[in-house]
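Model the full assembly from the supplied sequences, consistent with the hints where possible.
For the protein sequence lines, the chains are A and B, in the order given.
The opening position of the first sequence corresponds to residue 0 in numbering that gives the first Met the number 0, with each subsequent residue numbered one higher.
The opening position of the second sequence corresponds to residue 0 in numbering that gives the first Met the number 0, with each subsequent residue numbered one higher.
These are calculated hints, taken from the structure and not from any lab test.
It cannot be assumed that every hint is accurate.
Okay, derived cross-link-like pairs now, BS3-like style, lysine-lysine, Cα gap no bigger than 25 Å in a straight line [as the list claims (entries may be wrong)]: (1) Lys427/A <-> Lys245/A; (2) Lys67/B <-> Lys6/B; (3) Lys66/B <-> Lys125/A; (4) Lys451/A <-> Lys234/A; (5) Lys171/B <-> Lys159/A; (6) Lys417/A <-> Lys238/A; (7) Lys378/A <-> Lys451/A; (8) Lys159/B <-> Lys171/B; (9) Lys2/B <-> Lys67/B; (10) Lys12/A <-> Lys34/B; (11) Lys171/B <-> Lys15/A; (12) Lys20/A <-> Lys34/B; (13) Lys6/B <-> Lys12/A; (14) Lys125/A <-> Lys171/B; (15) Lys15/A <-> Lys159/B; (16) Lys163/B <-> Lys34/B; (17) Lys271/A <-> Lys286/A; (18) Lys234/A <-> Lys245/A; (19) Lys451/A <-> Lys316/A; (20) Lys159/A <-> Lys159/B; (21) Lys417/A <-> Lys374/A; (22) Lys271/A <-> Lys12/A; (23) Lys125/A <-> Lys169/B; (24) Lys451/A <-> Lys427/A; (25) Lys125/A <-> Lys79/A; (26) Lys427/A <-> Lys238/A; (27) Lys231/A <-> Lys79/A; (28) Lys245/A <-> Lys378/A; (29) Lys79/A <-> Lys238/A; (30) Lys66/B <-> Lys6/B.
Examples of chain A residues lying across from chain B (beta carbon under 10 Å, computed) [what the hints assert, rightly or not]: (31) Met201; (32) Trp292; (33) Thr296; (34) Pro379.
Here are the simulated distance ranges between beta carbons [to be verified]: (35) Lys378/A <-> Gln7/B: 18 to 28 Å; (36) Lys316/A <-> Ala37/B: 49 to 59 Å; (37) Asp283/A <-> Leu153/B: 46 to 56 Å; (38) Asn5/B <-> Glu276/A: 49 to 59 Å; (39) Ser90/B <-> Leu375/A: 48 to 58 Å; (40) Gln8/B <-> Leu132/A: 19 to 29 Å.
Just so it is clear, the structure is predicted and the values come from calculations on it, not from any experiment.
We put the CB at the ideal spot given by N, CA and C, even for glycine.
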Amino acid sequence: MRPVYAISGGVSKFAKSRPDKNFQAVVKEAYDYAINDLQISFPDFTEIVDGSVASYFSDHFTRQLMAAIMAHDYLGLCPKPSHRVEGGGATGGLCFQEAWKSIASGHMDVVVAYGFETMSHVETWKGNEFIALASDVSFDYPVGGFYSGYYAMMVTRHMKEFGTTVEEMAHVSVKNHINAFHNPYAQKRNRYSIQDVRDAPMVAWPLTRLDICVMSDGAAATILASEEGIQKLEKAGAKIPRPLVKITGIGRGTDAMRMADRPHVDYDTFIKDYATEQEKASSDTMKYYKKLWDHGTRYPGVHSFRAGRTAGNMAYKHAGIHNPIEELDFIELHDAYTSSEIQTYEDLGLCRYGEGGPFAASGKAFLPGIDYGLKLPDKPTCSVNPSGGLIACGHPVGATGLMQAVFAIWQLQESIKKHFNDNTLQVKDAQKGAIHSHAGTGTYVSVSILEKE
Amino acid sequence: MTKLPNKQQETLGGTIVHNLPFPRDTTPEALAWLKEMAPIQIEQPYSITYLHSYAQDSPWFAGLSNKKILANQDPESGYVYATPRGHDMHSGAETNWIDITENEAVIHAFTVCHFGSEAFLDQTPYVLVQVEFEGVDTLLLSRLFGVDPMEASLDWIGMKIKPKFIRNSKLKPTDVYFIPA
Numbered sequence: 000m001r002p003v004y005a006i007s008g009g010v011s012k013f014a015k016s017r018p019d020k021n022f023q024a025v026v027k028e029a030y031d032y033a034i035n036d037l038q039i040s041f042p043d044f045t046e047i048v049d050g051s052v053a054s055y056f057s058d059h060f061t062r063q064l065m066a067a068i069m070a071h072d073y074l075g076l077c078p079k080p081s082h083r084v085e086g087g088g089a090t091g092g093l094c095f096q097e098a099w100k101s102i103a104s105g106h107m108d109v110v111v112a113y114g115f116e117t118m119s120h121v122e123t124w125k126g127n128e129f130i131a132l133a134s135d136v137s138f139d140y141p142v143g144g145f146y147s148g149y150y151a152m153m154v155t156r157h158m159k160e161f162g163t164t165v166e167e168m169a170h171v172s173v174k175n176h177i178n179a180f181h182n183p184y185a186q187k188r189n190r191y192s193i194q195d196v197r198d199a200p201m202v203a204w205p206l207t208r209l210d211i212c213v214m215s216d217g218a219a220a221t222i223l224a225s226e227e228g229i230q231k232l233e234k235a236g237a238k239i240p241r242p243l244v245k246i247t248g249i250g251r252g253t254d255a256m257r258m259a260d261r262p263h264v265d266y267d268t269f270i271k272d273y274a275t276e277q278e279k280a281s282s283d284t285m286k287y288y289k290k291l292w293d294h295g296t297r298y299p300g301v302h303s304f305r306a307g308r309t310a311g312n313m314a315y316k317h318a319g320i321h322n323p324i325e326e327l328d329f330i331e332l333h334d335a336y337t338s339s340e341i342q343t344y345e346d347l348g349l350c351r352y353g354e355g356g357p358f359a360a361s362g363k364a365f366l367p368g369i370d371y372g373l374k375l376p377d378k379p380t381c382s383v384n385p386s387g388g389l390i391a392c393g394h395p396v397g398a399t400g401l402m403q404a405v406f407a408i409w410q411l412q413e414s415i416k417k418h419f420n421d422n423t424l425q426v427k428d429a430q431k432g433a434i435h436s437h438a439g440t441g442t443y444v445s446v447s448i449l450e451k452e
Numbered sequence: 000m001t002k003l004p005n006k007q008q009e010t011l012g013g014t015i016v017h018n019l020p021f022p023r024d025t026t027p028e029a030l031a032w033l034k035e036m037a038p039i040q041i042e043q044p045y046s047i048t049y050l051h052s053y054a055q056d057s058p059w060f061a062g063l064s065n066k067k068i069l070a071n072q073d074p075e076s077g078y079v080y081a082t083p084r085g086h087d088m089h090s091g092a093e094t095n096w097i098d099i100t101e102n103e104a105v106i107h108a109f110t111v112c113h114f115g116s117e118a119f120l121d122q123t124p125y126v127l128v129q130v131e132f133e134g135v136d137t138l139l140l141s142r143l144f145g146v147d148p149m150e151a152s153l154d155w156i157g158m159k160i161k162p163k164f165i166r167n168s169k170l171k172p173t174d175v176y177f178i179p180a
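Now the structure itself:
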């Protein structure tokens, strides 16, 4: 495999509705931004780019089949190669990795990975219905298909199993909303308190409206290149910041569409197949897990995401990461729900299974230098969702994973101030970050590691 | 008295319009102004009836209409799926049908949906449960009745429940639901 670099990115403003432009033109906003940031002309870039990978989740929202070719066409990329990727909420993360594959394999030198979703074309509750069709239409959807309900069921089990509290979940909402206050691309830029989160209308017990991300219209684009691709672009006049941002780890995992079908494995199987390298090396952690299993915990059940653990372990191995919380400076993580951010802390090995709740309230995932209005016992260690995540930025499904990639590139290029007109969210001396994209109730998960070369 | 929300609910529908304002003459100035025009948004109704086959899972639905909960079992390992699955995920072998109607059932996880997808909005609040059956390896998504949705509690997890069947089968998984045992 050849080295692959993430050299540029762009994000359209995420908004409740973008009736002013069709989806192709919204994609072009993000695409043009990424090209302009390289300081290369549109025709010169078009001459060099080898192809594209498109990301959008639902044909229902656009009521347009083959929407990807319409965007590819609008970007002036015909007749270059292109294909669409679809994997629910992880579509953007998968798209990013498909572009990586095209370059790592030597097939292409410069690839654009773009994604979009136009969720405003139907009313909110119809949109929820479309999303719920990403559950088994014979057995899950007809019972009361509603994704917030599915996630709420998972977290009630997490709460019962591990003692996780709604206040711990609310810490995630407060953190992500306040981070987004400094992100001009975010859809929701509000400051909330724990009480605000709990007082918000109940959607699916115990998740309130402020525990849940919102539907959005938006697009994002990233440009990936090989060393040869970078040379071609620079020869044509592109200005590519140094040090370069290299993609050093790729991981993916899956699980059964129906959460009801997921296994409940014993302790030995968990340790053998799923424990992180770090967990296996710690006798204290092994004892801790043995105690959990002795009290009835089984894995993953409906409380944990086996796909996320699998993707994380694979990406860490690829990138040579042994201690993620110490080695990663930030993670842009798929927080469709505050509860799923907590579950994912555990899947990604930032803390042990069962300790996601206290970890959320510890302060370790917060940014330094921001007043969250909370008493946090620990210092920030690895900022999670410094951008504000899905909860505050919005979740135009096909764009989301690529939005995370763009924000990660900007963090590692240390150019947050340039793009946000505000340096508050810049992770100081960021060397290494992860992006995590998640579908369904944990059906597809991708984790990619990016680092400063 | 309940306070009205600060925001009126947005709905589609409205007045049918047969013409739109447009410059009388397409002068360069008027054409340039068109870029400032607000977008035209129209409604596009779309509905379709699918002929959906339950295929190899059909006996499960026939079972519900006859007040039986069936499950699938791997012939070798004995692994049991509460939600039908024609082939075992470990052995790849075709599964067999077993009857779990009388197996003891408890709530494994639950939620109360105060909102829902459009198709279920008129049923809110409703309670979703993942049902755990004695001797069965996987769970079943169902509805719970007979509890107060405004008094949701983690204590519900582990509660013994029993199935009930609707009299006029709709051939949907909601033909069975659960109540506290």
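Taking the hints in turn, this is what the structure says about them:
1. Lys427/A <-> Lys245/A: This hinted pair holds, its Cα atoms lying about 18 Å apart.
2. Lys67/B <-> Lys6/B: 47 Å, violated
3. Lys66/B <-> Lys125/A: 33 Å, violated
4. Lys451/A <-> Lys234/A: 22 Å, holds
5. Lys171/B <-> Lys159/A: 30 Å, violated
6. Lys417/A <-> Lys238/A: Distance of about 15 Å is within 25 Å: holds.
7. Lys378/A <-> Lys451/A: This hinted pair holds, its Cα atoms lying about 24 Å apart.
8. Lys159/B <-> Lys171/B: The given pair, whose Cα atoms are some 24 Å apart, holds under the 25 Å limit.
9. Lys2/B <-> Lys67/B: Violated - the C-alpha atoms of Lys67/B and Lys2/B are around 46 Å apart, more than 25 Å.
10. Lys12/A <-> Lys34/B: Judged against 25 Å, a Cα distance of about 20 Å means the pair holds.
11. Lys171/B <-> Lys15/A: 34 Å, violated
12. Lys20/A <-> Lys34/B: Holds, at about 11 Å.
13. Lys6/B <-> Lys12/A: This hinted pair holds, its Cα atoms lying about 24 Å apart.
14. Lys125/A <-> Lys171/B: 21 Å, holds
15. Lys15/A <-> Lys159/B: Violated, at roughly 43 Å.
16. Lys163/B <-> Lys34/B: 61 Å, violated
17. Lys271/A <-> Lys286/A: Holds - the C-alpha atoms of Lys286/A and Lys271/A are around 15 Å apart, at most 25 Å.
18. Lys234/A <-> Lys245/A: 20 Å, holds
19. Lys451/A <-> Lys316/A: Satisfied, since the Cα-Cα distance of roughly 18 Å is no more than 25 Å.
20. Lys159/A <-> Lys159/B: 16 Å, holds
21. Lys417/A <-> Lys374/A: 31 Å, violated
22. Lys271/A <-> Lys12/A: 44 Å, violated
23. Lys125/A <-> Lys169/B: 23 Å, holds
24. Lys451/A <-> Lys427/A: The given pair, whose Cα atoms are some 13 Å apart, holds under the 25 Å limit.
25. Lys125/A <-> Lys79/A: With a Cα-Cα distance of about 36 Å, the restraint between Lys125/A and Lys79/A is violated, given a limit of 25 Å.
26. Lys427/A <-> Lys238/A: 23 Å, holds
27. Lys231/A <-> Lys79/A: Roughly 17 Å between the alpha carbons, so the hint for Lys231/A and Lys79/A holds.
28. Lys245/A <-> Lys378/A: 28 Å, violated
29. Lys79/A <-> Lys238/A: The given pair, whose Cα atoms are some 24 Å apart, holds under the 25 Å limit.
30. Lys66/B <-> Lys6/B: 46 Å, violated
31. Met201: 5 Å, holds
32. Trp292: 17 Å, violated
33. Thr296: 13 Å, violated
34. Pro379: Where the cut-off is 10 Å and the nearest Cβ of chain B is about 31 Å from Pro379/A, the hint is violated.
35. Lys378/A <-> Gln7/B: 18 to 28 Å: 46 Å, violated
36. Lys316/A <-> Ala37/B: 49 to 59 Å: 53 Å, holds
37. Asp283/A <-> Leu153/B: 46 to 56 Å: Distance hint for Asp283/A, Leu153/B is violated at roughly 28 Å.
38. Asn5/B <-> Glu276/A: 49 to 59 Å: 51 Å, holds
39. Ser90/B <-> Leu375/A: 48 to 58 Å: With a Cβ separation near 49 Å, Ser90/B and Leu375/A satisfy 48 to 58 Å, so the hint holds.
40. Gln8/B <-> Leu132/A: 19 to 29 Å: Distance hint for Gln8/B, Leu132/A holds at roughly 23 Å.
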